[in-house]
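For the record, the sequence lines run as chains A and B. Per our numbering: the first sequence = residues 1 to 227. Per our numbering: the second sequence = residues 1 to 406.
It cannot be assumed that every hint is accurate.
To be verified - If the Cβ cut is set under 10 Å, some of the chain A residues that face chain B in the computed set are:
(1) Asn77
(2) Leu82
(3) Lys84
(4) Glu85
(5) Phe93
(6) Ala95
(7) Leu112
(8) Arg156
Stated by the list, open to error - In silico SDA-like pairs for lysine to any residue, Cα to Cα no more than 25 Å straight-line:
(9) A:Lys84 x B:Gln309
(10) A:Lys191 x A:Asn211
(11) B:Lys6 x A:Tyr13
(12) B:Lys342 x B:Gly135
(13) A:Lys14 x B:His403
(14) A:Lys84 x B:Met392
(15) B:Lys227 x B:Arg45
(16) B:Lys245 x B:Gln231
(17) A:Lys63 x B:Glu397
(18) A:Lys115 x B:Phe5
(19) A:Lys115 x B:Arg10
(20) B:Lys183 x B:Ser114
(21) A:Lys69 x B:Lys306
(22) A:Lys84 x B:His403
(23) A:Lys121 x B:Lys306
(24) B:Lys306 x A:Glu85
(25) A:Lys84 x A:His138
(26) A:Lys84 x A:Leu74
(27) B:Lys6 x A:Glu119
Source of the hints: derived by calculation from the structure; they are not laboratory data. This structure is a prediction, so every number in the text was calculated from the model and none was measured. Even glycine gets a Cβ: it sits at the ideal position worked out from N, Cα and C.
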Amino acid sequence: MEVAKLTDVTRVYKIGELETRALNGVSITINDGEFTSLVGPSGSGKTTLLQLIGCLDQPTSGKVIINGKETTNLNRNQRADLRKEAIGFVFQFFALIPTLTAYENVEMPLLLNGKSPAERKQRVMELLAAVDVANRAHHRPDQLSGGQQQRIAVARALATNPKLILADEPTANLDTENGKQVMDLMQKLNKETGVTFVFATHDPRVISYANRVVTLQDGLITNDSKA
Amino acid sequence: MMNYFKMAYRNLGRHRRRTFLSTLALAMGTALLMFIAAFFQGEMRSSMETTLRLNTGHLQVKNANYDPDKLSVAWEYLIENPEQVAAQIEALGQVQSATPRLLASGIVSASDESVGVQIMGIVPDSSANDPYRDGLVSGDFLTADDREGIVIGYPLAESLGLNVGDQLNLLVNTSEGNVDEQKFTVRGIFSTGTTSYDKGVVFLPLAKAQSFSGATNHASMIFILLKDREQADVVAAAIQGEGYKVETWRELNELLVLVNDFSNAYLTIINLIILGVTATVIVNTLLMSVFERTREIGILSAIGMKGRQIIALFLAEATLLALSGITFGSLIGWALSAYFSKVGVYFGDLGMSKDMLLNDRIYTELTLDSAINLIVTAFIITIIASLYPARMASRMEPVEALHGAQ
Chain A
1 MEVAKLTDVT RVYKIGELET RALNGVSITI NDGEFTSLVG PSGSGKTTLL
51 QLIGCLDQPT SGKVIINGKE TTNLNRNQRA DLRKEAIGFV FQFFALIPTL
101 TAYENVEMPL LLNGKSPAER KQRVMELLAA VDVANRAHHR PDQLSGGQQQ
151 RIAVARALAT NPKLILADEP TANLDTENGK QVMDLMQKLN KETGVTFVFA
201 THDPRVISYA NRVVTLQDGL ITNDSKA
Chain B
1 MMNYFKMAYR NLGRHRRRTF LSTLALAMGT ALLMFIAAFF QGEMRSSMET
51 TLRLNTGHLQ VKNANYDPDK LSVAWEYLIE NPEQVAAQIE ALGQVQSATP
101 RLLASGIVSA SDESVGVQIM GIVPDSSAND PYRDGLVSGD FLTADDREGI
151 VIGYPLAESL GLNVGDQLNL LVNTSEGNVD EQKFTVRGIF STGTTSYDKG
201 VVFLPLAKAQ SFSGATNHAS MIFILLKDRE QADVVAAAIQ GEGYKVETWR
251 ELNELLVLVN DFSNAYLTII NLIILGVTAT VIVNTLLMSV FERTREIGIL
301 SAIGMKGRQI IALFLAEATL LALSGITFGS LIGWALSAYF SKVGVYFGDL
351 GMSKDMLLND RIYTELTLDS AINLIVTAFI ITIIASLYPA RMASRMEPVE
401 ALHGAQ
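Extracted from the complex, chain A is given alone in its bound form (with noise of 0.2 Å):
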């Protein structure tokens, strides 16, 4: 099944005067249960296509169909709700909300979803399990290491349950040790739950994960391979 499809999408910054093509007329599939990378240069367009994919933004021409549903006319209440029920996020920063706690930063797409406290407590509880970071439920994010901030990260992105993961340069900030757990963590998990990730990448080591290598340059994908 098709979890993303995107034809022949074209992206065009403006600033100021001047145009810079980000993406050009791409066309890709992203399919139920895959591990896709996107690899290529800085500027090459893996970042784009990964807001494109994640309707973080719109393309100025194309079509995005996320989970069925094209997405180009969608209002930006819509768009949120898109993200919020069926795509998570893990982003190279730690992005994770400062005054909250490891916990509460799990629960609140379930928060947004309108989840039951009850719900929450065992879905959170299940998930901090899942990424081995429990015994720091309560802890802010300032209190935990990199690789703890980022497993929390990864365990908010999956709280919804949702079809797609998008990973941009997940490893990018995270030492050899804990970038090899995040990456051994969310292969786990794609081969337990059959979630669908794609991540942008340039490190070789994370590239090695996928079992589909998606190659950019300059705004179009040049090289397409399963593994």
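Fit chain B to the supplied structure of chain A, relying on the hints for placement.
For chain B alone, coordinates are given in the frame of chain A:
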């Protein structure tokens, strides 16, 4: 709902000093406004009460031809048989007291100095004269049959160096248009607490004032105090008569009524200015917080938080700031107002005209009404002002917000 406030509380806790200073600004604004409101209210009430009690009463009955600026005691301007008229009016249920008064212009001189005064002939026993009787600082009040006694105000006594028992020379413009002169003995010295009034008036018993000025069996007015001043129009209608004019306190104090009405508008403007300034502090605090938290807003938006939920988050912060600042400020404002309602603020003789008398000491007066009004207004203005930064946060594009802080 609780979660917004929990997050808001923690966010405010990130920059404790900034939060404290914003709260303090709001508190100071609220306290200041409350004190100003209490001061104005006290001032206006004091001014109204003092003027009515000392100068105009609630109603005055005069000869239809009477001209208050001339202080003439020519018979055609006066009321005949005033004590009989006063007795009839006093029989009305709404009237507390009705008493004849004869006003004449005169000059007091003692040693080498002389001062122009208003001579007021009064019926000493009338309760309308209580402010002077109760205000005696030395000596005794007049008796009806006293033929040589006079009661003068403390500032006048002081400026002429007079004490109880001393003699003074009094000159009067008589009803025939002549001038008469006689020596009087100071029986008592009074103070009503309103220097501008006390320095310009002397009291004689009505009978003596009548014979001295040639206005026998006549008075300038019947001075009437009501049990409830709002009944003035009703009572005025009841005592209309041929050759008389009846004036209510509103007509007699047009300027004061106008100033009173204006003071509310004036106060509203001051409120808006001060609240505008404090609201700016709050807006500034929230704006800084929006800029600092751009990335967090991006994250929240990425995980599906909607614009209105982001607005709610910032409004929750504004609400907490407003609640703490306004509560703190109200307590200070209330304490200040309570203190100065007992002690008063001394201004001395402000040299106001007789149209608007003011006690030398102004006592603040904070009504529950104006306190609640102020608290609600301050709260609403703070929240409305916070909508700007809150909306700004809610309109950030997630991509830009996420990039903004990387």
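Item to check | Broken hints, by number | outcome: Checked against the structure, the only hint that fails is number 11, while the rest are satisfied.
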